[in-house]
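**Student:** Protein sequences appear in the order of chains W and Z. Here the first sequence stands for residues 2 to 66, numbered as in the numbering used here. Here the second sequence stands for residues 9 to 266, numbered as in the numbering used here.
Treat the hints loosely; a few may be bogus.
[What the hints assert, rightly or not] Here are the simulated distance ranges between beta carbons:
| no. | chain 1 | residue 1 | chain 2 | residue 2 | range |
| --- | --- | --- | --- | --- | --- |
| 1 | Z | Pro157 | W | Ile34 | 32 to 38 Å |
| 2 | Z | Pro69 | W | Ile34 | 45 to 51 Å |
| 3 | Z | Val159 | W | Ile22 | 38 to 44 Å |
| 4 | W | Ile22 | Z | Gly107 | 45 to 51 Å |
| 5 | Z | Gly110 | W | Ile22 | 34 to 40 Å |
| 6 | W | Gln20 | Z | Pro116 | 43 to 49 Å |
[Claimed, not checked] If we take Cβ atoms under 7 Å as the criterion, some of the chain Z residues that face chain W in the derived model are:
| no. | residue |
| --- | --- |
| 7 | Trp29 |
| 8 | Ile30 |
| 9 | Leu34 |
| 10 | Thr35 |
| 11 | Ile37 |
| 12 | Leu38 |
| 13 | Leu94 |
These are calculated hints, taken from the structure and not from any lab test. From the three backbone atoms N, C-alpha and C, an ideal C-beta is built for every residue, glycine too.
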Amino acid sequence: MEILESINWAIIAPIVIIQLILMAVAIIDLVKIEKANGPKWVWALVILFINLLGPIIYFIFGRRS
Amino acid sequence: MKQWVTLLKKEMLELARNFKWIWVPLTFILITVKEPLTLYYLPQIIDSLGGLPEGAVIELPVPSAGEALAASLSQLNTIGVLIIVLIAMGSIAGERKSGVAGLILVKPVSYAGFVTAKWTSLMMLIWLSYFLGYFLSWYYVGILFEFIPFVDFLQSFFVYGIWLTLIITIVILFNTFIKSPGAVGFFTIGIIVLLTLLSTSLSHLMEWSPALLSAYTNTFIIGGNFPDELLPSIIVSVIAITISMIASIAIFKRRELA
Numbered sequence: 002m003e004i005l006e007s008i009n010w011a012i013i014a015p016i017v018i019i020q021l022i023l024m025a026v027a028i029i030d031l032v033k034i035e036k037a038n039g040p041k042w043v044w045a046l047v048i049l050f051i052n053l054l055g056p057i058i059y060f061i062f063g064r065r066s
Numbered sequence: 009m010k011q012w013v014t015l016l017k018k019e020m021l022e023l024a025r026n027f028k029w030i031w032v033p034l035t036f037i038l039i040t041v042k043e044p045l046t047l048y049y050l051p052q053i054i055d056s057l058g059g060l061p062e063g064a065v066i067e068l069p070v071p072s073a074g075e076a077l078a079a080s081l082s083q084l085n086t087i088g089v090l091i092i093v094l095i096a097m098g099s100i101a102g103e104r105k106s107g108v109a110g111l112i113l114v115k116p117v118s119y120a121g122f123v124t125a126k127w128t129s130l131m132m133l134i135w136l137s138y139f140l141g142y143f144l145s146w147y148y149v150g151i152l153f154e155f156i157p158f159v160d161f162l163q164s165f166f167v168y169g170i171w172l173t174l175i176i177t178i179v180i181l182f183n184t185f186i187k188s189p190g191a192v193g194f195f196t197i198g199i200i201v202l203l204t205l206l207s208t209s210l211s212h213l214m215e216w217s218p219a220l221l222s223a224y225t226n227t228f229i230i231g232g233n234f235p236d237e238l239l240p241s242i243i244v245s246v247i248a249i250t251i252s253m254i255a256s257i258a259i260f261k262r263r264e265l266a
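Just chain W, same shape as in the assembly:
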């Protein structure tokens, strides 16, 4: 647990917040969109559990334009 204390959270926090915003926007979009490019629940898993890249992959490949 020492390691967690040695990290300066003021520096890390913005990154975590950005990541959360991306995730939230992707989820909101997934809920509102009529039809995604494949089953919706799979995309929800992708967005929530693939760190960093999940929401990006969804925005590029998941939306049917």
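With chain W's structure known, arrange chain Z on it following the hints.
**Tutor:** Coordinates of chain Z only, in the frame set by chain W:
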């Protein structure tokens, strides 16, 4: 002019509807800011992963501020470029497929206006994201390591931005004559990879190559000086951007009428 503004507004609206104004800047920030952070916390990361024999000491050289910022640029040069190509590859080809382009072009809209409005909207989106990402990365490098002079930051920002502009223009050019968005992306990535490989392996023959702009920016951030070959490669890039732009308008006109 008024018509062009309307076209541009339509492009902006489309980018907003796809949430591109939100996720592209955020993504660029994430991929660039990640680099100085990981470099800074590398010793702790290695510690926490464990698996080292008792008493093993690893001496990691502390990276300089320039190296940390250069690491962010190399992220932009790989993931950033990939994202740019992926979001731009459908901009005309996709609309032609879905029939939107036909709907617009049946009206007395100038072809040049249609293409340049697309290009301008993409440019605004990418430059904004690129600026935010690169600026925040510069700021983080300043906090974690030491501040690089702001003038140096601006210079490297604009020099590397020329390369990104060339990429956007090439994607638009391919968009005008290839019908499938996937193929557009494939060919653009192919050309970029080929250009980068050729010019880095034959760098003494192709000093003027636009693909070397990123290498020149790296030397500048780390060493403090731009190499002499910078000017020719900027000139070649600007010429290439202009030619691709004119060519895409000309090709688009002929393809649509045919």
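**Student:** Each hint: holds or not?
**Tutor:** Evaluation of the provided hints:
1. Z:Pro157 x W:Ile34: 32 to 38 Å: violated, 46 Å
2. Z:Pro69 x W:Ile34: 45 to 51 Å: holds, 48 Å
3. Z:Val159 x W:Ile22: 38 to 44 Å: Since the Cβ atoms of Val159 of chain Z and Ile22 of chain W sit about 32 Å apart, the hinted range of 38 to 44 Å is violated.
4. W:Ile22 x Z:Gly107: 45 to 51 Å: violated, 34 Å
5. Z:Gly110 x W:Ile22: 34 to 40 Å: About 37 Å separates the Cβ atoms of Gly110 of chain Z and Ile22 of chain W, which means 34 to 40 Å holds.
6. W:Gln20 x Z:Pro116: 43 to 49 Å: For Gln20 of chain W and Pro116 of chain Z the Cβ distance comes to about 47 Å; the hint holds.
7. Trp29: violated, 11 Å
8. Ile30: Cβ of Ile30 of chain Z sits 6 Å from chain W, so the hint holds.
9. Leu34: holds, 5 Å
10. Thr35: Cβ of Thr35 of chain Z sits 5 Å from chain W, so the hint holds.
11. Ile37: Since chain W brings a Cβ to about 6 Å from Ile37 of chain Z, closer than 7 Å, the hint holds.
12. Leu38: holds, 6 Å
13. Leu94: Since the shortest Cβ distance to chain W is 5 Å, the answer is holds.
The structure fails hints 1, 3, 4 and 7 (numbered hints given earlier, in ascending order).
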